[in-house]
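Let the sequences and hints guide you as you build the complete structure.
Number of protein chains: 4
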Amino acid sequence: AFPLNFSDLESAASKVIPKAAFGYIRSGAGGEETLRINTTDFNKLSIVPRYLNDVSAADTSIELFGRTYPQPFLLSPVGMLKLAHEDAELAVVKAAASHQVPFIQSTVSSFSIEEVSKASPGSSKWFQLYWSNNENISYSMVNRAEEAGYEAIVLTVDTIMLGWREEDIRNSFSPLKEGYGKANYINDKVFLNSLPSQDDDSVIQAILTNIFHPALNWKHVEELKKRTSLPVVIKGILHPEDAKLAIEAGIDGIIVSNHGGRQMDGIVSSIEALPRIAKEVNGRIPLLLDSGIRRGSDVVKALALGADAVLLGRPYVYGLALGGQEGVEKVLTNFKQETSVSLALSGAVNIKAAKKVTLTL
Amino acid sequence: AFPLNFSDLESAASKVIPKAAFGYIRSGAGGEETLRINTTDFNKLSIVPRYLNDVSAADTSIELFGRTYPQPFLLSPVGMLKLAHEDAELAVVKAAASHQVPFIQSTVSSFSIEEVSKASPGSSKWFQLYWSNNENISYSMVNRAEEAGYEAIVLTVDTIMLGWREEDIRNSFSPLKEGYGKANYINDKVFLNSLPSQDDDSVIQAILTNIFHPALNWKHVEELKKRTSLPVVIKGILHPEDAKLAIEAGIDGIIVSNHGGRQMDGIVSSIEALPRIAKEVNGRIPLLLDSGIRRGSDVVKALALGADAVLLGRPYVYGLALGGQEGVEKVLTNFKQETSVSLALSGAVNIKAAKKVTLTL
Amino acid sequence: AFPLNFSDLESAASKVIPKAAFGYIRSGAGGEETLRINTTDFNKLSIVPRYLNDVSAADTSIELFGRTYPQPFLLSPVGMLKLAHEDAELAVVKAAASHQVPFIQSTVSSFSIEEVSKASPGSSKWFQLYWSNNENISYSMVNRAEEAGYEAIVLTVDTIMLGWREEDIRNSFSPLKEGYGKANYINDKVFLNSLPSQDDDSVIQAILTNIFHPALNWKHVEELKKRTSLPVVIKGILHPEDAKLAIEAGIDGIIVSNHGGRQMDGIVSSIEALPRIAKEVNGRIPLLLDSGIRRGSDVVKALALGADAVLLGRPYVYGLALGGQEGVEKVLTNFKQETSVSLALSGAVNIKAAKKVTLTL
Amino acid sequence: AFPLNFSDLESAASKVIPKAAFGYIRSGAGGEETLRINTTDFNKLSIVPRYLNDVSAADTSIELFGRTYPQPFLLSPVGMLKLAHEDAELAVVKAAASHQVPFIQSTVSSFSIEEVSKASPGSSKWFQLYWSNNENISYSMVNRAEEAGYEAIVLTVDTIMLGWREEDIRNSFSPLKEGYGKANYINDKVFLNSLPSQDDDSVIQAILTNIFHPALNWKHVEELKKRTSLPVVIKGILHPEDAKLAIEAGIDGIIVSNHGGRQMDGIVSSIEALPRIAKEVNGRIPLLLDSGIRRGSDVVKALALGADAVLLGRPYVYGLALGGQEGVEKVLTNFKQETSVSLALSGAVNIKAAKKVTLTL
Ligand SMILES: Cc1cc2nc3c(=O)[nH]c(=O)nc-3n(C[C@H](O)[C@H](O)[C@H](O)COP(=O)(O)O)c2cc1C
Ligand SMILES: Cc1cc2nc3c(=O)[nH]c(=O)nc-3n(C[C@H](O)[C@H](O)[C@H](O)COP(=O)(O)O)c2cc1C
Ligand SMILES: Cc1cc2nc3c(=O)[nH]c(=O)nc-3n(C[C@H](O)[C@H](O)[C@H](O)COP(=O)(O)O)c2cc1C
Ligand SMILES: Cc1cc2nc3c(=O)[nH]c(=O)nc-3n(C[C@H](O)[C@H](O)[C@H](O)COP(=O)(O)O)c2cc1C
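Protein chains in written order, with our numbering: chain A, 66 to 426; chain B, 66 to 426; chain C, 66 to 426; chain D, 66 to 426.
Hints may contain errors.
All copies of an identical chain are treated as equivalent in the list; a pair is satisfied when it fits inside any one copy or across any two copies.
[Claimed, not checked] When the alpha-carbon atoms are kept at most 25 Å apart in a straight line, the in silico BS3-like pairs for lysine-lysine are as follows:
{"no.": "1", "residue 1": "K417", "residue 2": "K284"}
{"no.": "2", "residue 1": "K401", "residue 2": "K421"}
{"no.": "3", "residue 1": "K344", "residue 2": "K109"}
{"no.": "4", "residue 1": "K420", "residue 2": "K109"}
No lab work stands behind these hints, which were simulated from the structure alone.
Okay, structure coming up:
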C-alpha cells in the first residue's frame, strides 16, 4: 500500500531512487542536527485543543496575494526533480493543480518555466529565484516567469553558496555538475549570450559561477522589486532583524525556512524561529514556513505560532519518486485529510481561528 | 504468570488479539506523540513523600455523586470490547463490580445497555454518550441508561469525527464498518425508526452518519442537562477555558482526557493539562483524569495535581483479552494493591491527604 | 580482572548470584523510574572546578559523632547479605574496618549484632533499626547494639511496609519468608518471649507481623531517643518539612535516601531532594545521603549540595558477591581512590572546601 | 575514502591504532559523562543566521599575540603522538605549517622541542608546559622553547595528577611508564642532572615524580611570568573566578578546556563554561576554547559565545593515525572548508562579526 507517513515514505523512496540521488534529497548539512530538530522541535510543542465549538462549517482555505486556496499549504521549490522521477516538475505541477495547491518552481528545475507552464496552464505557480552574479540573468528569469503567468517571485537567500553536505561529498555527487537542473538556464537568452561557448561544459561552468553569489544583499532586493510587478517573497529568513529589513525593503511575503536543514547545520529550526519573526511581522505581510512539516498537527502548530500557511518539501518529492503525478496526489490527499481533521480536532473552524489555538511547551 | 505491568500486559495481549484489532486498541492518532507523552509526562513529575505519618488507618475511598467507592479509580469507556474478548462488557462490568469500581459503558459497546445492566444489576455503571446528529437518538440512549439504573452520563466531546489513525488505515480496519459496536443502536427504537431500511448496511451507514457530529456545541449540552436527571460529566476537556464553560453550563463533573492519544496527535497530555484545569475548577465539581494511568504512582501524581479520581483504559482491555472477567479482575487487584502501597508510601493516609502531596519537577 | 565501575560490577555479579536473589538486589520498586533517576539526576549536575589551588595537603577525612573517618563515605545497611555471599556481614564489616569506613548493619542481617561485633570488635559500626510493632523488640535490639559497642542507631522510616517490587513478585521471591534475615530476631529474648511457639514458621510469621509497621510516627521517635544514649539518625528523609520535624524531635543526624529506589517508584531522587533539606538543616546536625552514589564525582556533587558524607549500597554488595571480604575491599579501594582524585581535581583540598564547590545545571 | 566527520574518523582510527593506545586517546575520565556533554552541549545551542549580508569579502583570519593566522583555530597539545603514528609531532607540525595553523607541542611529546623545531623551523609553534615539582625543570623547558623560537607558553593547570581513567586501568596501560613521552625530559640538562642515575627506570620514575604536582598554585604562575618573555596562556580554566585571578596574575591568554573530558568526569563542558568566563575576561586578553570542537558550526558557536579562537584535539590525532602528515592535512583542509562555509552561512563576514552572531537555546 502507498505509505502514509513520512518515515514510511522516505524508506519506500530510498528503494526506488538511486543511492546518491536519494542521499542528496534526504540528507542535511553537516551533522544533520538542524535536519533532526526540524521535526523534533515540533514535538516539544503541544496543542491545548478546544471542544464543543461547532466546527461543522470548517473552512481550511487561505488567501495569498489576492487568490484563495482551499488548503493552508504550498509546495516548496525543490531543484532537479528528475533525480526523483522522469516526469519531475511536470508531474508535480499537475498534481498540485489537481488539489489547487500553489507550486513553487525552482531555478534549478529539470524542466523550464515555459515547459512547466505549458503542462499546467491554469494553475497557480510561483517562481523561486537563485540569484545569478550576472544580475541580468536573474531579471531575465523573473521576466520569463512573469510572462508565463507565474504569480510570485520567491527569492531564496540562504544559498549564496552550497552548504557543507557530507553525504554528497561521500558520494562524490554534485547534480549541477552532472547536468541536472539546467533547463531554466539553457532556455534563457541572457544566460546563453553571456557564454563564451555553448557546449555542455561551458554551460555547467557558467551555472556554477553564477549560482555562487556570496555578495547578495539588500540592494539586489530593492532592484529586483523594481524589475517585477509580481509580489516578491523572501525564502530563508530566520532572524527577526532580517524580517524587519525585509519589510522595510518592501518585500511582499516571508518564508521562514532553513532550507530543510540542507544549508547550514547547527542553525535554529524554523518552528523555533517563527514566534519572534511573527511578532516582528505582526500580520503586515504573509508569513509562511517550511522545513520539517510532516503532519496535520505541525500545520496547526505553525499557524498557532503565527504562520499564514506552510510549505511541504521532501514529502512530495518522495511521493513523486514512488508514483509520479499520482504519487504526489496521494501525498497531498493524505496531508489535506490529516490537516482538516487536525484543525477541527483542535477546535479551529478556520485558519483565523487556528491562529488563536493555545500551545503549551 | 499473569503479566504485572503495562508493557508486559500489552505484549501478552498482542499475542491473543488479532493483528488489526490489536492495532486498533494499542495505537494512537498520527505519529503517536501524544500517546507517548501520556506516559512519559508522568515520569517528569516526582513525588516528595512524607514519613512518620501513621498511615495505619489508610483509607483509599472516594465519594462521587453521593456514592462511595473503595478505590480512587474507575474504568474508562472503551468501545467494541468484543475486539478483545467474546464476553466484552459483560466480563468487564462483573469484574468491576467485584472490586466496587464504577464501569463506564461506551455508546459503541458490543452489548447493549440493557444486556450489561442485566449482567451486573447492582453495581455502579455510568453511560458514555457519543452524540448523534439525530439528537433524539442521543436522548433516547440517555433515557435507556437512566431507566437501566446507570448513575451518570459521560458526554465525550473529543470525538466529533474520527481521529487520523494510521494504524487502522494501514490495516484497512474500521470496526464500526465491520459491524462492531452497534448493540446500543440496534436496540434503540428512535434509531431504528429513523432508518429507511433495517438491513445491516443501512444500520451501519446510519451509525456512521450519526456519529460524525462536528456541530456539537454548548447548546447541546444545555439541552442534554434538561433531558436527564442524572449527573452529566464531560469527557475530553483539556483547556481551562472549556472547564470554565462547562461549569457555567451546569455540568456535574469533568474528565480531563485526550482519549488515550487516539483522537488528535500533538495535543497536550492530560497530566500536563490537569493543573490549570484544577485551578479553574477549584473543587466546585468532581475532576477526573484518564490517558496514561499505568501505576500507583500515577494515581498519586494525578491526585496531587488536583484530580479526585482517575480512570483506566487499555490496562483493563488487555486484562480482558488475556483472561475475560478473571483477567480484568487480576489487573484490578494488582492496580488496587499498587495504588494502596503508593498512597501509604507517599505519606497519604487518605485521598484528601493525597491531594496535598508535594510534587517536584 | 575485577570490575571497575558500577555497570561492570552489576553485570559480573549477575553471573554469580542466583537469579531471584540478584533480582531482589538489583531491582527497584514499580517501573524503576526512581531507580533510574537516582543515577541520571547526578548527570544533570556539572562541577565547575577550580585550579591552581595547592591541593597537596589533601585531606578527605570527616568527623561524625565525635569520631574521625579518613573517607567521606559509609556503608549503607543492606539486609540479608547471605543472598550475595555466605560470609555476608562478617566479610563486609571486616572490609569496612580495613578501610576505617563505618558499617551500618541492617535489622534483617544474616548474622546477628553479636556475631558481627565479634568478627570486627574494634571497628566503627552503626545499627539500622526496622521498627517492630511490638515496641519492646525495637528497644531490645537497640540495647543489644549499644551493648555490643555500636555507635549510632539508624532508624529507617521509608519501609513501614514493603514496596511494590515487580521483580520479586515475578520471581515469587520473598527472602524473609524463605528464612533470610532473621539472625537479629532469633537472638533476641524479647522477640522470642513474644512467640507462641518457636518453630520456624512462627518465627517468620512474627517477623513479618512486626516489620509491617504503618503506624510509625514521631511519638515512637521521641520514645526511642529516651531509650538510648546513642545518637539516633533517621534514614529515608526526602521532604524538608520532615527534616524540620526531625530536628525538633532532637534527632542527631539525617540520611537523605529513597532506599535505592526500592520502596516507592515515582519519588524524587535523593540528590534532587538534597538542597532543600540542606537549607532546612543548615548544618545543625550531620546530613548524609545515599541512593545512586556510584563515582567520585557523585561524592563531590553531594558534598557541594550540602551533604556531610555519603553512603554506598549496591556497589559493595556486588563486590561482596564477587569476592567476599576481598571483593568489598577492592570496591572500597577503587572508590576511595576515585573520590580522592575527584576532590583534588575539583579544587577541594578538604571536605569543608568540597562543600563550597560550584555546581551548574 | 578519507573519513569526513569525527565519528568516521574515530572509527577508522580505531582500526589502525593498537587497542590500548586507541583507548588512551579516545576515552574520557570516569563514566565519560563530561566527554559526552563536550559534544552534546554544542547541539543544545542553535545559531540564528543573518542573510543578505554581502559576505563576498569573507575573512576568517585572527590575530594572536601580534601574529595573524588565516583560520580561527589551533592544534591542541596532545602528548605521546607516537601512540598514533611513528612520525608523531614531526608530521603534525608540518601539516599545521602547511595550513598556517599554530601547533602547540606537549611537554610529554614523542619528539623534543628541538626536533620539532628543526622539522618545521618557520612555522608558528607554542609550548605546553606540565609543571615539574622541580621547578627548575619547568623553567629549563620554557627557556628551551623560547630559544627554539616558540611563541607562547601554555601552562596546563588541570593535570596536577592523572585523572581516573578506567579504560587505561582496564588495559593496564600507562604510556609514561612504557617510556612514551620522555623526549623533552631526556633532552633537558636540568632534568638529567637531577637524576641519581640515567637508566630508563630512573628517568621514568623521575618523570612520574615531577609530573604529579598537586601543589601548583598562583605563586608558580607569577614566577613563571618572570622567567619568560613569551606570552603565558593558562589552559584548563573553567571557573570565572579563576579567569579573574589569571588576569590579575598578568596572564596573557586563557584556554577554556576540560582536557577533552580526560581529567575529571562530571565537570562542566567548556562550551557551557565559556559565557561566564567571556563576561569576566571581557576582551582584555585572548580567550580560546577546546574540548568537543568537531565541526564548523561549533566554531561559530564558540566565537558567538565569546571565544577568539578554538583548538582541535582528537580530530587531528585520528588524521595523524590514518595518514601521517597527509592525514592531518586532510583533516585540516576539511575543517577549514566547513568553518569558512559555516561562518558565511551564519552571515559573518569575519571573526569580529562572528562574535556578534545570535544564538538561541
Ligand atoms: C532535494 C531538495 C532540493 C531543494 N532545492 C531547492 C531549491 O532549488 N530552491 C530552494 O529555495 N529550496 C530548495 N530546497 C528547499 C525546499 O524548498 C524546502 O525549504 C525544504 O525542503 C523544506 O523542508 P522539508 O523538506 O523538511 O519539508 C530543496 C530541498 C530538497 C530536499
Ligand atoms: C480501544 C479503545 C476504544 C475506546 N473507545 C472509547 C469510547 O467508545 N468512548 C470514549 O469516550 N472513549 C473511548 N476510548 C478512550 C478511553 O475512554 C480512555 O479515554 C483512554 O483509553 C484512556 O487512556 P489509556 O488507554 O491510556 O488509559 C477508547 C479507548 C480505547 C483504547
Ligand atoms: C538488597 C538491598 C537490601 C537493603 N536492605 C536495607 C535494609 O535492610 N535497611 C535499610 O535501611 N536499607 C536497606 N537497603 C537500602 C540501602 O540502605 C540504601 O539506602 C540503598 O541501597 C542506597 O542506594 P544504592 O544501592 O543506589 O547505593 C537495602 C538495599 C538493597 C540494595
Ligand atoms: C591523547 C591525548 C593526549 C593529550 N595530552 C595533552 C597534553 O599532553 N597536554 C595538554 O595540555 N593537553 C593534552 N590533551 C588535551 C588536549 O590538549 C585538548 O584539551 C583536548 O584534546 C581537546 O578536546 P578534543 O579532543 O575533544 O578536541 C590530550 C588529549 C588527548 C586526546
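Now for the hints, and whether the structure bears them out:
For the identical chains of this complex, K417 and K284 are inter-copy neighbours only, at 23 Å across copies versus 35 Å inside a copy, given an alpha-carbon limit of 25 Å. For a Cα distance limit of 25 Å, the shortest separation of K401 from K421 inside one copy, 20 Å, qualifies, whereas the shortest one across copies, 42 Å, does not. For the homomeric pair K344 and K109, the shortest alpha-carbon distances inside one copy (20 Å) and between copies (24 Å) are both at most 25 Å. Taking the shortest alpha-carbon separations for K420 and K109, only the intra-copy value of 18 Å comes in at or below 25 Å, while the best inter-copy value is 28 Å.
Going through the hint list in order, the structure satisfies each hint without exception.
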